[in-house]
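Residue numbers (our numbering), protein chains in the order written: chain U, 1 to 338; chain R, 1 to 397.
Keep in mind that the hints are not guaranteed to be accurate.
[As the list claims (entries may be wrong)] The following residues of chain R were derived to be distant from chain U, with all beta-carbon distances above 10 Å:
| id | residue |
| --- | --- |
| 1 | I56 |
| 2 | A125 |
| 3 | G129 |
| 4 | W147 |
| 5 | R173 |
| 6 | T200 |
| 7 | A213 |
| 8 | A234 |
| 9 | P316 |
| 10 | N358 |
| 11 | V373 |
[Stated by the list, open to error] In silico contact screen, one side only, chain U against chain R (beta carbon under 8 Å); selected entries:
| id | residue |
| --- | --- |
| 12 | F88 |
| 13 | A90 |
| 14 | Q92 |
| 15 | L113 |
| 16 | G144 |
| 17 | G152 |
| 18 | L157 |
| 19 | A174 |
| 20 | E180 |
| 21 | G188 |
| 22 | K258 |
| 23 | D261 |
[To be verified] Here are the computed distance ranges between Cβ atoms for each label pair:
| id | chain 1 | residue 1 | chain 2 | residue 2 | range |
| --- | --- | --- | --- | --- | --- |
| 24 | R | I243 | U | A208 | 20 to 28 Å |
| 25 | U | M168 | R | S83 | 17 to 25 Å |
| 26 | R | M376 | U | P336 | 57 to 65 Å |
| 27 | U | E262 | R | S157 | 56 to 64 Å |
| 28 | U | K209 | R | R159 | 13 to 21 Å |
Treat the hints as calculated values from the structure; they're not laboratory data. Even glycine gets a Cβ: it sits at the ideal position worked out from N, Cα and C.
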Amino acid sequence: MKRVTLVVALAAMSTFVAGSVTAQTLKTVRDRGALVCGVSQGLPGFSTPDDRGNWTGLDVELCRAIAAAIFNDPSKVKFSPLSAKDRFTALQTGEIDVLSRNSTWTMLRDTQLGLNFAGVNYYDGQGFMVRKSLKVNSALELNGASICTQTGTTTELNVADYFRANKMKYEVVAFSTADETVKAYDAGRCDVFTSDVSQLYAMRLKLAKPNDQMILPEVISKEPLGPVVRQGDDQWFNIIKWVFFAMINAEELGVTQKTVDEAMKSTKPDVRRLVGTEGNFGERIGLTKDWAARIIRHVGNYGESFERNVGAGSKLNIDRGLNKLWSKGGIQYAPPIR
Amino acid sequence: MTGPGETAPAAPGRAALLADPRVRSVAIQAVLIVAVLTAGYFAALNAEANLRAQRIATGFGFLDNPAGFSISQTLIAYSEADSYGRVLVIGLLNTLLVSVIGIVLATIVGFVVGIARLSSNWLIARAAGGYVEVMRNLPLLFQILFWYLAVLSALPSPRQSLSLADSIFINNRGIVVPRLVFGDGAGYAVTALVLGLAATAGLAILSRRRRQATGHPLTLWWPALLLLVALPLAALAATGFPIDIDMPELRGFNFVGGVRVIPEFAALLIALVTYTAAFIAEIVRAGILSVHRGQTEAAYALGLRRPQTLRLIVVPQALRLIVPPLTSQYLNLTKNSSLAVAIGYPDLFAVFAGTTLNQTGQAIEILAITMAVYLMLSLITSMLMNWYNARMRLAER
Chain U
1 MKRVTLVVAL
11 AAMSTFVAGS
21 VTAQTLKTVR
31 DRGALVCGVS
41 QGLPGFSTPD
51 DRGNWTGLDV
61 ELCRAIAAAI
71 FNDPSKVKFS
81 PLSAKDRFTA
91 LQTGEIDVLS
101 RNSTWTMLRD
111 TQLGLNFAGV
121 NYYDGQGFMV
131 RKSLKVNSAL
141 ELNGASICTQ
151 TGTTTELNVA
161 DYFRANKMKY
171 EVVAFSTADE
181 TVKAYDAGRC
191 DVFTSDVSQL
201 YAMRLKLAKP
211 NDQMILPEVI
221 SKEPLGPVVR
231 QGDDQWFNII
241 KWVFFAMINA
251 EELGVTQKTV
261 DEAMKSTKPD
271 VRRLVGTEGN
281 FGERIGLTKD
291 WAARIIRHVG
301 NYGESFERNV
311 GAGSKLNIDR
321 GLNKLWSKGG
331 IQYAPPIR
Chain R
1 MTGPGETAPA
11 APGRAALLAD
21 PRVRSVAIQA
31 VLIVAVLTAG
41 YFAALNAEAN
51 LRAQRIATGF
61 GFLDNPAGFS
71 ISQTLIAYSE
81 ADSYGRVLVI
91 GLLNTLLVSV
101 IGIVLATIVG
111 FVVGIARLSS
121 NWLIARAAGG
131 YVEVMRNLPL
141 LFQILFWYLA
151 VLSALPSPRQ
161 SLSLADSIFI
171 NNRGIVVPRL
181 VFGDGAGYAV
191 TALVLGLAAT
201 AGLAILSRRR
211 RQATGHPLTL
221 WWPALLLLVA
231 LPLAALAATG
241 FPIDIDMPEL
251 RGFNFVGGVR
261 VIPEFAALLI
271 ALVTYTAAFI
281 AEIVRAGILS
291 VHRGQTEAAY
301 ALGLRRPQTL
311 RLIVVPQALR
321 LIVPPLTSQY
331 LNLTKNSSLA
341 VAIGYPDLFA
351 VFAGTTLNQT
361 GQAIEILAIT
371 MAVYLMLSLI
381 TSMLMNWYNA
391 RMRLAER
C-alpha cells in the first residue's frame with residue numbers, strides 16, 4: 001500500500017517537473033522516424049489532402065523536402081491539420097516540429113510567441129474577391145460593404161486598417177474556419193471575401209460559380225508566408241532555413257528533378273557545392289553531404305514546386321509575380337552555399 | 001473490565017487525539033486542502049517557468065493594447081482603436097444578450113410545449129411530442145448551422161429586400177428597423193416609464209393581497225394602461241416630443257441608419273430557444289405529472305376551469321420539482337451560446353477566446369479569464385434560481 005502511494009505521488013509529481021520543450025528537435029525527429037508537420041485544414045495549392053488522403057501543396061512539399069534531407073524519403077512526414085487558432089500553440093507545446101501553414105511573418109509572432117520564422121516561401125498580399133454582378137472595379141468603391149473574413153488572422157486587422165485609412169465604413173463577419181467563410185460568402189451573407197490573394201485563388205475553386213467572381217486589383221498588405229519553428233533550437237532553425245535556400249539555389253543554378261543526377265557529375269564549383277560533391281556543409285547542420293541533392297531528387301527545386309502546386313501547372317494558375325527569382329524580376333533570393 | 005454504561009479510560013498521548021473521529025476528519029481535510037493548493041501553486045510556477053524559457057509573452061498587460069479589428073455587433077460604442085479589455089466587455093454583452101433573451105423565450109416555449117404535451121387534444125399532444133423528440137436528438141451545432149444557412153438562403157439580398165410599410169426591411173444581412181433617437185427631454189419620459197412600472201408592480205401586489213383576502217382581484221388593465229402608456233406619453237408631450245426617427249435607407253451595398261439585427265443573432269437565438277425548450281418541456285411535464293391527481297380533482301370540484309387549475313393550483317406546486325433542473329437548462333443555454341463562433345456571431349468566446357487569443361498568442365491568460373467569466377455567469381444564474389426555489393418551497397406549518 002505504501003509503495004503504491006509512493007509511486008502514485010511520484011507520478012503526480014513528475015507532471016510538475018519543468019520539462020522544457022526540447023532543444024533537440026533533430027534528434028527527436030530521427031528517433032521518431034518521421035517529421036511531424038503542421039499544415040492547414042485544406043487550402044488548395046498550399047496544403048490539401050486529395051481524395052485518397054495524400055497531402056499535396058507548396059507548404060506540404062517544403063515539409064517533404066525537409067524529410068527528404070533528413071531521411072532520404074519524402075514520405076516520412078505526418079501531417080497535422082491545424083486551424084488558425086491553434087497553429088502556434090501546437091508548435092509551442094511541441095506537438096509539431098515545424099509549422100508550414102502559410103503563416104504571415106509579423107513582428108508580434110516573431111518576438112512574443114517564442115517562435116522563429118525560417119524564411120518566406122511565398123510573398124503574398126491581401127486582396128478582395130467580389131461577385132462580378134456587383135460591377136465594382138476597385139476596392140475604393142467598397143464603402144458600406146459587408147465583408148466575410150476568417151477570424152484571428154492578420155486579414156481582419158488589415159481590413160480594419162485599410163478601411164480606416166480610406167475613411168470607408170464596412171461590416172465584418174468573421175468565421176472560425178475558411179470553409180465556413182466561403183459558405184457564408186456563397187450564400188450571399190456578404191459582398192466581399194477577403195484573404196491573402198493566393199487563398200482567394202484557392203477558395204474561388206470551392207465556390208458554386210467560380211467564374212462569376214473577380215479578384216480586385218488592390219493588394220492592401222504585405223503577407224510574407226513561411227515556415228515557423230520554435231526558438232531555442234538553432235540547429236533545427238538552420239536546417240529548415242537552408243532546406244528552403246537549397247531549393248531556391250537549385251532553381252538559380254538550373255538543377256531540376258530530372259537533371260540532378262547529371263549535376264552530381266558537374267564540374268561547376270557552385271553546383272558541386274550545392275549537390276555535395278565538394279565541401280561538407282550538410283554535416284555541419286547534422287545532415288549528410290548530399291542533403292540538397294536528396295531534396296532536389298525527391299521534391300524538385302522551388303520553381304518546379306511552385307509551378308506544380310500554384311502556378312501554370314495547377315488549377316490555381318497564379319502568376320509567379322514577386323515569387324520569381326531575383327534575377328528574373330522577383331524577390332526570391334537565397335544566400336549562397338559556400 | 002468495564003461494565004455496560006461505563007466508558008473505557010482514555011489512552012494517553014497522541015493516539016488519543018488521532019482516535020477521535022472529529023480530529024481525524026479535520027486533519028485529513030486540512031492536509032487535502034494544503035495538498036491541492038500546493039499542487040496548484042507548483043503547476044502555476046511550472047507554467048510560468050516554461051513560458052519564460054520559451055520567451056513567450058505573459059501577463060495581463062495585453063488588455064490595454066489596441067485591438068485593431070472590427071466587430072459586427074456591439075451594444076456599446078467601439079472602434080478598432082479600442083483596447084482588448086473593451087473587446088472583452090463587448091463579447092460579454094453579446095453573450096448576455098443572446099443568453100437572457102434565449103432563457104426568457106425558451107422558458108415560454110418550453111412551458112407551452114410541455115403543457116401541450118399533456119393536452120387532451122390528440123393532435124396537439126402528438127405534435128408537441130414530435131417536436132420534443134426531434135429537437136432533443138439532433139446535435140445543437142447542427143441545428144445552429146441549419147438555421148443560419150436556412151435563414152440565409154431563404155432571404156433576398158439587400159437590393160431586393162422584403163419591406164414592411166417601407167420602413168422595416170428584411171434581407172440576408174438582417175432585419176433593419178427604424179431607430180428612435182431621443183433628444184433632450186427624453187429623460188423625463190424614461191423616468192415616467194420607470195415610475196409607471198413601479199406603480200404597476202405595486203398595484204399587482206395589492207391586487208394579489210386583495211384576492212387572497214376577499215377572493216376578488218382589482219381590475220388592473222386600465223390603471224396599467226394609464227401608468228405605462230399615458231404617463232410617459234404625457235411626459236413626452238410636455239417636453240415637446242423630442243423623438244427623432246432614423247429611417248433606414250439603401251445606400252450602395254447595405255442599409256444605412258436604423259437598427260439592424262444581424263442574421264447570426266437571429267439564427268443562434270432560434271436554435272438555442274428551440275433546442276433548450278424541448279428539454280424544458282420535458283421538465284415541465286415531469287413537474288406537472290408529479291402533482292397529486294387529487295389536487296386537480298379538488299380544483300374541478302370547486303368549479304375552476306382547466307386553465308385556471310393549471311395556473312393557480314398545479315403549476316405553483318409543480319414548480320418545486322421544475323426549478324432545479326430548469327436551472328441546469330439555463331446554464332446549458334448560456335454555455336451553448338459559445339457555439340456562436342461557428343456562424344460568426346461575435347460572442348465572448350468568438351471575439352475574446354478566438355480572435356484576441358489568435359492575435360496576442362497568450363492562451364493561458366485569455367482562457368483563464370474566459371473560464372472565470374462563464375463561471376461567474378453560471379454562479380449568478382444558479383444563485384438567482386436558488387433564491388427563487390427557496391421561495392417556492394412548501395411552507396411547513
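Evaluation of the provided hints:
no. : hint                             : result
1   : I56                              : 4 Å, violated
2   : A125                             : 37 Å, holds
3   : G129                             : 33 Å, holds
4   : W147                             : 13 Å, holds
5   : R173                             : 6 Å, violated
6   : T200                             : 39 Å, holds
7   : A213                             : 58 Å, holds
8   : A234                             : 39 Å, holds
9   : P316                             : 45 Å, holds
10  : N358                             : 3 Å, violated
11  : V373                             : 18 Å, holds
12  : F88                              : 6 Å, holds
13  : A90                              : 11 Å, violated
14  : Q92                              : 6 Å, holds
15  : L113                             : 4 Å, holds
16  : G144                             : 5 Å, holds
17  : G152                             : 3 Å, holds
18  : L157                             : 4 Å, holds
19  : A174                             : 6 Å, holds
20  : E180                             : 7 Å, holds
21  : G188                             : 5 Å, holds
22  : K258                             : 42 Å, violated
23  : D261                             : 43 Å, violated
24  : I243(R) with A208(U): 20 to 28 Å : 46 Å, violated
25  : M168(U) with S83(R): 17 to 25 Å  : 23 Å, holds
26  : M376(R) with P336(U): 57 to 65 Å : 60 Å, holds
27  : E262(U) with S157(R): 56 to 64 Å : 59 Å, holds
28  : K209(U) with R159(R): 13 to 21 Å : 18 Å, holds
Going through the hint list in order, the structure does not satisfy hints 1, 5, 10, 13, 22, 23, 24.
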